[in-house]
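There are 2 protein chains.
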Amino acid sequence: MAYINFPRELLDKFCMEAFQKFGFTEKESRIIADVLLMSDDFGIESHGMQRLVRYHKGIESGLIKVDAKPEVVFETPISAVIDAHSAMGQLVGHQAMQMAIEKAKTSGVGIVSVKNSNHYGIAGYYARLAMEQGLIGFSSTNSEAIMVPTFGKKAMLGSNPIAVSAPADPYPFFFDASTTVVTRGKLEMYNKMDKPIPTGWAVNKAGESSNSANEVLGNIKAHEGGGIVPLGGDTELLGSHKGYGYGMLCELFSSILSQGMTSAHTMQNGFSGICHGFMAINPAYFGDPEQIKAHFSTYLNELRQSPKADGAERIYTHGEKEMEAIKKVQKEGVPVNENTVKEMVDMAEYLGMDVKAYFGDFKASNSNFKSSY
Amino acid sequence: MAYINFPRELLDKFCMEAFQKFGFTEKESRIIADVLLMSDDFGIESHGMQRLVRYHKGIESGLIKVDAKPEVVFETPISAVIDAHSAMGQLVGHQAMQMAIEKAKTSGVGIVSVKNSNHYGIAGYYARLAMEQGLIGFSSTNSEAIMVPTFGKKAMLGSNPIAVSAPADPYPFFFDASTTVVTRGKLEMYNKMDKPIPTGWAVNKAGESSNSANEVLGNIKAHEGGGIVPLGGDTELLGSHKGYGYGMLCELFSSILSQGMTSAHTMQNGFSGICHGFMAINPAYFGDPEQIKAHFSTYLNELRQSPKADGAERIYTHGEKEMEAIKKVQKEGVPVNENTVKEMVDMAEYLGMDVKAYFGDFKASNSNFKSSY
Numbered sequence: 001m002a003y004i005n006f007p008r009e010l011l012d013k014f015c016m017e018a019f020q021k022f023g024f025t026e027k028e029s030r031i032i033a034d035v036l037l038m039s040d041d042f043g044i045e046s047h048g049m050q051r052l053v054r055y056h057k058g059i060e061s062g063l064i065k066v067d068a069k070p071e072v073v074f075e076t077p078i079s080a081v082i083d084a085h086s087a088m089g090q091l092v093g094h095q096a097m098q099m100a101i102e103k104a105k106t107s108g109v110g111i112v113s114v115k116n117s118n119h120y121g122i123a124g125y126y127a128r129l130a131m132e133q134g135l136i137g138f139s140s141t142n143s144e145a146i147m148v149p150t151f152g153k154k155a156m157l158g159s160n161p162i163a164v165s166a167p168a169d170p171y172p173f174f175f176d177a178s179t180t181v182v183t184r185g186k187l188e189m190y191n192k193m194d195k196p197i198p199t200g201w202a203v204n205k206a207g208e209s210s211n212s213a214n215e216v217l218g219n220i221k222a223h224e225g226g227g228i229v230p231l232g233g234d235t236e237l238l239g240s241h242k243g244y245g246y247g248m249l250c251e252l253f254s255s256i257l258s259q260g261m262t263s264a265h266t267m268q269n270g271f272s273g274i275c276h277g278f279m280a281i282n283p284a285y286f287g288d289p290e291q292i293k294a295h296f297s298t299y300l301n302e303l304r305q306s307p308k309a310d311g312a313e314r315i316y317t318h319g320e321k322e323m324e325a326i327k328k329v330q331k332e333g334v335p336v337n338e339n340t341v342k343e344m345v346d347m348a349e350y351l352g353m354d355v356k357a358y359f360g361d362f363k364a365s366n367s368n369f370k371s372s373y
Numbered sequence: 001m002a003y004i005n006f007p008r009e010l011l012d013k014f015c016m017e018a019f020q021k022f023g024f025t026e027k028e029s030r031i032i033a034d035v036l037l038m039s040d041d042f043g044i045e046s047h048g049m050q051r052l053v054r055y056h057k058g059i060e061s062g063l064i065k066v067d068a069k070p071e072v073v074f075e076t077p078i079s080a081v082i083d084a085h086s087a088m089g090q091l092v093g094h095q096a097m098q099m100a101i102e103k104a105k106t107s108g109v110g111i112v113s114v115k116n117s118n119h120y121g122i123a124g125y126y127a128r129l130a131m132e133q134g135l136i137g138f139s140s141t142n143s144e145a146i147m148v149p150t151f152g153k154k155a156m157l158g159s160n161p162i163a164v165s166a167p168a169d170p171y172p173f174f175f176d177a178s179t180t181v182v183t184r185g186k187l188e189m190y191n192k193m194d195k196p197i198p199t200g201w202a203v204n205k206a207g208e209s210s211n212s213a214n215e216v217l218g219n220i221k222a223h224e225g226g227g228i229v230p231l232g233g234d235t236e237l238l239g240s241h242k243g244y245g246y247g248m249l250c251e252l253f254s255s256i257l258s259q260g261m262t263s264a265h266t267m268q269n270g271f272s273g274i275c276h277g278f279m280a281i282n283p284a285y286f287g288d289p290e291q292i293k294a295h296f297s298t299y300l301n302e303l304r305q306s307p308k309a310d311g312a313e314r315i316y317t318h319g320e321k322e323m324e325a326i327k328k329v330q331k332e333g334v335p336v337n338e339n340t341v342k343e344m345v346d347m348a349e350y351l352g353m354d355v356k357a358y359f360g361d362f363k364a365s366n367s368n369f370k371s372s373y
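The listed protein sequences derive, respectively, from chains B and F. Going by this note's numbering, 281 is the number at position 281 of the first sequence; the sequence numbering is gapless. Going by this note's numbering, 299 is the number at position 299 of the second sequence; the sequence numbering is gapless.
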């Protein structure tokens, strides 16, 4: 499966036009495009352009309500619960994290739990919003059940990522990871590449290890059992119960505090019901924020400078790879899988966009694609 | 290696007497004994009686200052930083979590970060203190460096456990796990049992997989490299960077917000410097706490009732095994490894306690031990 490199600006323009055609305002489309492109910027292909088709389908099927007005149903100086009323996840996610940030600025901490939302893209986007304001940001979301609990064979938790971002020099700390061993997005990517998935990632509906992304994704969609295993694998020996536990931590902040749908109930009967949790902590409520940042930066640097394993060239701290990925994208553009490009072409046609302007003669001659944009 | 079952009351009395002999007040000894025995109650042998020798040595060597007066060096309605001044970890831990609880009751959330402390026992003890007050409790601690970062070969992070506890029926949620694949305590236990450790737990000083607990523990103590790998193993394929990331989350709450020692600097030159982080969140700041508890209990029950993997008999939710372990201890007593009993006998002799009253003729005839207590 070949990749085509697009200038970042072209993809941005594509997203801006597409989401406005779907009925979002320019400001709303800006947020959605930013979330999607941050993923591609960071080299997280699974949550970037390749996710467009799911949003397209979600809007078409009514899972995502373009005109929804999220409602704050509970609020205190340090907390809030928002009912998203099936809004686009990125929009209510952005709103919720902004509330958490304001609360953290005035009260030291802000925790906002959201129910009845939709997929919100990469969790880390929201954690970074707080980091950019000098705060420590946390973001988490449940999702359609894909994680099989330890000793189980039916998916009962989502990929349930937890993202954390905090100010540091020369790179901010940026940790964003599913509590499953891998994300569903990674399986989708392997599926598009027709590549077998490594052993230890997923189980089939009988609860046995599977190397077929297609089989596992099919079972998840059909609710036929099986799924992705927690971080730590499928036995307690290497810590399966720990990944399962971090997945529960995500549910606490997202579906439990908001009294929304837990993962196993979401994405059924034409309703999404996905829940998010956000937290911002103000370091100024613990000491001098600049000193705290310097202290953290020192530790991150010590980690990077510590002795490397035989055969390894460097030790990364979380967020460093993302900073390097951005540089690559700025230089070489965003690599997009041909299958994803096909989906984008379909989406553009559905929306009555000028396909040729973005994708040239891609449809007529796949391999000789050259954008005329 | 044989185990001897002790009545729980005997071990409690032993701890109460021993810690008072070390110079702690009765009230302080009560807290320390409670933390240690909760671990044995829960079947977490590694952090119960088998840890006594480390506290003994810590007090003897001056790492732990019996008379230390922890000092609140920064405080707001939602936060505090405490300098423990080398106090016993359990005591400053208890004090810090009580502060977090009070803040959560009056302001919705309390976050307390502690520096210059010592080992505080199981992280979950403190999270449970909050849960018992109807709050969601979090507790985390760094430790002497034992975790080798992804692509590294020198331990730079501690076992860095994160514990979470929240009210639920019929069992509270209780999650307490190191962010390494296993704890150092577990290696100590395998060492005492002279049992090889499973592949995938630890690496030697060259960064290669090791099955010898003795070798790995020796290297850690001598700062010769190697250590335990993060949850997720030693490569990114199964998520090593994720366990490493959760370990950093622990550092943020413990050593970073308090501006204390990060793991790689603790336990050197006769100084502990260990840091803890505590958080309590009041569910009443998000809705009706009883409804939130009921909602959570329903989900936990759904998890337990979900289809089992072929060959598995049940699915646990976190905290359930601990509740069953308590019942076993109440019926059968606390099983203590003979090596640990030897250490307890040494400790009793050192403190001038009536060894025979607790351990009978254990020293003279190991295998025919019968307490005359």
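Keep in mind that the hints were calculated from the coordinates and are not lab data. Hints may contain errors.
Repeated chains share a single entry, so a pair holds when one copy, or any two copies, can fit it.
[To be verified] Within a straight-line C-alpha distance of at most 20 Å, the following computed EDC-like cross-link-like pairs (lysine to aspartate or glutamate) qualify:
| # | residue 1 | residue 2 |
| --- | --- | --- |
| 1 | 342 | 215 |
| 2 | 105 | 75 |
| 3 | 293 | 75 |
| 4 | 308 | 224 |
| 5 | 105 | 215 |
| 6 | 21 | 346 |
| 7 | 308 | 290 |
| 8 | 65 | 28 |
| 9 | 342 | 361 |
| 10 | 308 | 346 |
| 11 | 321 | 236 |
| 12 | 192 | 320 |
| 13 | 308 | 236 |
| 14 | 221 | 12 |
| 15 | 308 | 208 |
| 16 | 195 | 236 |
| 17 | 327 | 41 |
| 18 | 57 | 71 |
Status of each hint after checking the structure:
no. : hint       : result
1   : 342 to 215 : neither (22 Å within a copy, 55 Å between copies)
2   : 105 to 75  : both (16 Å within a copy, 16 Å between copies)
3   : 293 to 75  : between (30 Å within a copy, 19 Å between copies)
4   : 308 to 224 : between (44 Å within a copy, 14 Å between copies)
5   : 105 to 215 : neither (47 Å within a copy, 49 Å between copies)
6   : 21 to 346  : within (14 Å within a copy, 78 Å between copies)
7   : 308 to 290 : neither (30 Å within a copy, 51 Å between copies)
8   : 65 to 28   : within (13 Å within a copy, 57 Å between copies)
9   : 342 to 361 : within (11 Å within a copy, 80 Å between copies)
10  : 308 to 346 : neither (47 Å within a copy, 41 Å between copies)
11  : 321 to 236 : between (30 Å within a copy, 13 Å between copies)
12  : 192 to 320 : neither (27 Å within a copy, 41 Å between copies)
13  : 308 to 236 : between (29 Å within a copy, 15 Å between copies)
14  : 221 to 12  : neither (30 Å within a copy, 53 Å between copies)
15  : 308 to 208 : between (36 Å within a copy, 12 Å between copies)
16  : 195 to 236 : between (28 Å within a copy, 18 Å between copies)
17  : 327 to 41  : within (8 Å within a copy, 53 Å between copies)
18  : 57 to 71   : neither (24 Å within a copy, 57 Å between copies)
Hint compliance for this structure: hints 1, 5, 7, 10, 12, 14, 18 are not met, and every other hint is.
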